[in-house]
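Participant: As a plain string of letters, each chain reads:
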Amino acid sequence: MPHVVNLAVSLSRNLRPIIGLLLILGATHLFARAYNAAEKQSHESEVELAQDRVLGYISRDLATLTEVVRSIRAFYDGSEFVSREEFALFTQPLLDANPHIGGLEWVPVVPHSERRKYEREARRDGLLDFTFTEKLEDGRLVEATERELYMPVFYAHPYESNQKAVGYDLASCPIRRHAIEEAASTGKATLSAPISLVQDSNPTLAALLFIPIYHAADREQETPRGFALGLIRLSDIFAAGITQAELPCELQATDLGVDEEALLFRSGAASVDVPPLVKPTRRIVIDLAGRSWEFTFGASRDTISHGRLLFIWILGALLSVLVYEYLRVREEAVIRNHALQSAHDALCERSREITRFYHMASHELKTPLTSAREFTALLLDEVPGEVNDEQRQFLRYIRESCDLLTRYINDMLDVTRLDTGKLSLRPKLCDPAILLEDMIAVMRKSCAARDLELVSAIPQTSAMVYADPQRLKQVVSNLLGNAIKFTPDGGRITLRVEPPHPRGNHVTISVEDTGVGISARCREKVFKRLYQVHAPDDDNAGCCSEGLGLGLSICKEIVLLHGGDISVESELGRGSTFKFTIPVAAGARRPIPSMEEVT
Amino acid sequence: MSRILIVEDDQKIAISLAARLRSVGHETCVAYDGVGGVMAAAKEKPDLIIMDINMPAGNGITAAERIRSLGSNAGVPIIFITASSDPEHRQLAEAAGASAFIAKPFQSEEVVRTVEVLLQSTPTM
Chain Z
1 MPHVVNLAVS
11 LSRNLRPIIG
21 LLLILGATHL
31 FARAYNAAEK
41 QSHESEVELA
51 QDRVLGYISR
61 DLATLTEVVR
71 SIRAFYDGSE
81 FVSREEFALF
91 TQPLLDANPH
101 IGGLEWVPVV
111 PHSERRKYER
121 EARRDGLLDF
131 TFTEKLEDGR
141 LVEATERELY
151 MPVFYAHPYE
161 SNQKAVGYDL
171 ASCPIRRHAI
181 EEAASTGKAT
191 LSAPISLVQD
201 SNPTLAALLF
211 IPIYHAADRE
221 QETPRGFALG
231 LIRLSDIFAA
241 GITQAELPCE
251 LQATDLGVDE
261 EALLFRSGAA
271 SVDVPPLVKP
281 TRRIVIDLAG
291 RSWEFTFGAS
301 RDTISHGRLL
311 FIWILGALLS
321 VLVYEYLRVR
331 EEAVIRNHAL
341 QSAHDALCER
351 SREITRFYHM
361 ASHELKTPLT
371 SAREFTALLL
381 DEVPGEVNDE
391 QRQFLRYIRE
401 SCDLLTRYIN
411 DMLDVTRLDT
421 GKLSLRPKLC
431 DPAILLEDMI
441 AVMRKSCAAR
451 DLELVSAIPQ
461 TSAMVYADPQ
471 RLKQVVSNLL
481 GNAIKFTPDG
491 GRITLRVEPP
501 HPRGNHVTIS
511 VEDTGVGISA
521 RCREKVFKRL
531 YQVHAPDDDN
541 AGCCSEGLGL
551 GLSICKEIVL
561 LHGGDISVES
571 ELGRGSTFKF
581 TIPVAAGARR
591 PIPSMEEVT
Chain E
1 MSRILIVEDD
11 QKIAISLAAR
21 LRSVGHETCV
31 AYDGVGGVMA
41 AAKEKPDLII
51 MDINMPAGNG
61 ITAAERIRSL
71 GSNAGVPIIF
81 ITASSDPEHR
91 QLAEAAGASA
101 FIAKPFQSEE
111 VVRTVEVLLQ
121 STPTM
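Chains as they are written, first to last, in the working numbering: chain Z, 1 to 599; chain E, 1 to 125.
Calculated directly from the structure, the hints in this document are not laboratory data.
Positions of the beta carbon are idealized from the N, C-alpha and C atoms, including for glycine.
Misleading hints may appear alongside valid ones.
[Claimed, not checked] If you anchor each label on the Cβ, the simulated ranges turn out as follows:
id: 1; chain 1: E; residue 1: Glu116; chain 2: Z; residue 2: Gln393; range: 26 to 32 Å
id: 2; chain 1: E; residue 1: Met39; chain 2: Z; residue 2: Asp389; range: 28 to 34 Å
id: 3; chain 1: Z; residue 1: Asp489; chain 2: E; residue 2: Val117; range: 50 to 56 Å
id: 4; chain 1: E; residue 1: Glu116; chain 2: Z; residue 2: Ile354; range: 29 to 35 Å
id: 5; chain 1: Z; residue 1: Val455; chain 2: E; residue 2: Met39; range: 55 to 61 Å
id: 6; chain 1: Z; residue 1: Val455; chain 2: E; residue 2: Glu116; range: 23 to 29 Å
id: 7; chain 1: E; residue 1: Met39; chain 2: Z; residue 2: His338; range: 33 to 39 Å
id: 8; chain 1: E; residue 1: Gln91; chain 2: Z; residue 2: Tyr531; range: 35 to 41 Å
id: 9; chain 1: Z; residue 1: Asp489; chain 2: E; residue 2: Glu110; range: 56 to 62 Å
id: 10; chain 1: Z; residue 1: Tyr531; chain 2: E; residue 2: Ser72; range: 56 to 62 Å
id: 11; chain 1: Z; residue 1: His338; chain 2: E; residue 2: Gln91; range: 47 to 53 Å
id: 12; chain 1: E; residue 1: Ser23; chain 2: Z; residue 2: Tyr531; range: 53 to 59 Å
[Claimed, not checked] Some chain Z residues well away from chain E (every beta-carbon gap over 10 Å; in silico):
id: 13; residue: Thr370
id: 14; residue: Ser371
id: 15; residue: Thr406
[What the hints assert, rightly or not] Partial chain Z-side listing against chain E, Cβ under 7 Å, derived:
id: 16; residue: Met360
id: 17; residue: Lys366
id: 18; residue: Glu374
id: 19; residue: Phe375
id: 20; residue: Thr376
id: 21; residue: Ala377
id: 22; residue: Val383
id: 23; residue: Leu404
id: 24; residue: Ser567
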């Protein structure tokens, strides 16, 4: 159960970082998807362009084939007889210019009666074993059986690659005869369905283009005297087209015959017996020379750049981890700050409580102290009856202790007031010279007891200042008290009030003694609260320390509240001078009579 | 010789004050809370009242206001005594017609001096 709670706590603390992490991962996913889609689209359009280029190259190749074969017909139209040599001479440059054409042939229409004549003629041309041939089912070429009309390949150029076809009776093959009949009946260039060439030892698919040639005299005659034939090896033109177009996908071309479909080409397949393309993405049918060829394109390869996608994901993952860490650290800082703030608040509250307690306690102490002092005073004044000398002395000690306690309580109260900002001045226009003159008489008593000389260096008037008279007296009384405490018997203490310098704007009040002095190290600290000059680790060895260590710090704060400043100069063994300033009241540089005295 | 009423919840302070004032020739009576103070003021018709501010039953300021509202005591001088240095107390006391204000811990000489000054400036009834 605690585990569950811990998990819940850690989850709730990490909620924001986790949300940040998920957001970045989500954004990465979306970006990767968008990037992928854009890549795919641009790739697809590129692929489509390549496909169009392939179609263009193949159409162009077939168009030039048609042109070349037409030019042979034109050649024949101009001459009733073309010799084997003339045919070779005429076709050679055409083949040179169009290397995709596998061969150009002259196919005469030969009635049985003229078969011998043709065979003799060919042998005379140097083809010694020339004979009309046909193909058996097992693929062997044999002498053609007797029939009414023969359509043998009579001239073929280039001879070397088409040697076996020479003499082959095209009428013996239904596919070829079908194309020939189509050409004869329409009189136009006609493409055959794909066939296997007899001249190639490996079965290669090819297409033949026939154009009928008529006798010059009777163009309208039904039977042509022969056919000009151009052949293209399909794998050659398709492979060249694919390479040139840089086609990045599979291609399958099919001849759409009336009765059956025949495969023309299948990219990447050596054999003809290949399964049809799976998931074809595009299908285009082109009509050329009486046939319809269907082009089917497969799915393109390398549609996705995995490297870049991986890069995007790595970047996204890094970023999300960074964001997670950042948010987590920030969250922790917030929690820590919160804890610090509550600790701080608690401490402040505690401090306020302590201050309140001191305030209350100080007040509560006052009442019993007052009555203790009062009864002592009554006894000393012999109100209830006479006291002897020893009793009187003891009673004086009690009274002195009461006075000391009173001072401490007042100091503690002042400190709590300073801490709570409740020490409010009740300032009046007053002249320090006049104000402090009274104090001398009071202090002289305690000095006399110690055989100390108290010198008053106070002029008749100094300047009017705007100050709380009680507080001002408190400061001076404190300084004088310290001086008395730290000056050995027989020493001298001087209270000095200096009017402002001609250009100055404050009254300076100083208390000088011929006491033990304060070391440089201690001088820095004397105005700090709770600081007491201690023996023996201090330079002021042998000095007694009593009191709460509050007096000088209160003096300093009171002087500062009045807008003045306090400082000390001292030399060990020679004495100290405490000096403070009180600003002169604005517009009251010269002494003016005290305006009020409230009772 | 004058009649002085001391209203102070701390018995010891009340007794010491009374003893001090008697020693200088005054007649005193003492009440230990605000209510008692009001009753004593009505009964004794004092020439001067010394009043503590913080007391358990009825604080000094309220008591002073009551006493002032009694016709026969309307003009009697009242000296307030308090251990609190809260300026607010002082203002309230002044509003209630304080003649003087003395802070604890006080010295009896101060009280006697204040009493004499006030009695001289007030016409005796």
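Participant: Hint says 55 to 61 Å; check whether the CB-CB distance for Z:Val455 and E:Met39 agrees.
Facilitator: holds (57 Å)
Participant: Is the shortest C-beta separation between Z:Met360 and chain E less than 7 Å?
Facilitator: Given a least distance of 10 Å, the restraint on Z:Met360 is violated.
Participant: For the hint on Z:Thr376, just tell me whether its beta-carbon gets within less than 7 Å of chain E.
Facilitator: violated (9 Å)
Participant: Measuring from beta carbon to beta carbon, are E:Gln91 and Z:Tyr531 in 35 to 41 Å?
Facilitator: 36 Å Cβ-Cβ, so the 35 to 41 Å window holds.
Participant: With 33 to 39 Å as the target window, see if E:Met39 and Z:His338 comply at their CB atoms.
Facilitator: For Z:His338 against E:Met39, whose Cβ atoms are near 59 Å apart, the range 33 to 39 Å is violated.
Participant: Just to be careful: measuring from the Cβ of Z:Lys366 to every Cβ in chain E, is the smallest value less than 7 Å?
Facilitator: Nearest chain E Cβ about 4 Å off; hint holds.
Participant: A closest beta-carbon separation below 7 Å is what the hint needs, so does Z:Glu374 meet it against chain E?
Facilitator: Check passed: Cβ of Z:Glu374 comes within 4 Å of chain E, closer than 7 Å.
Participant: With 7 Å as the cut and Cβ atoms as the points, is Z:Phe375 at the interface with chain E?
Facilitator: holds (5 Å)
Participant: A closest beta-carbon separation below 7 Å is what the hint needs, so does Z:Leu404 meet it against chain E?
Facilitator: violated (12 Å)
Participant: At a threshold of 7 Å, is the proposed contact between Z:Ala377 and chain E supported by beta-carbon distances?
Facilitator: holds (5 Å)
Participant: Look at the Cβ atoms of E:Met39 and Z:Asp389 and judge whether their distance stays inside 28 to 34 Å.
Facilitator: At roughly 45 Å between Cβ atoms, Z:Asp389 and E:Met39 fall outside 28 to 34 Å, so the hint is violated.
Participant: Does 56 to 62 Å hold as the CB distance between Z:Asp489 and E:Glu110, or does it fail?
Facilitator: Given about 31 Å between the Cβ atoms, the range is violated.
Hints 2, 3, 4, 6, 7, 9, 11, 12, 13, 14, 15, 16, 20, 23 and 24 from the earlier list are contradicted by this structure; the remaining hints agree with it.
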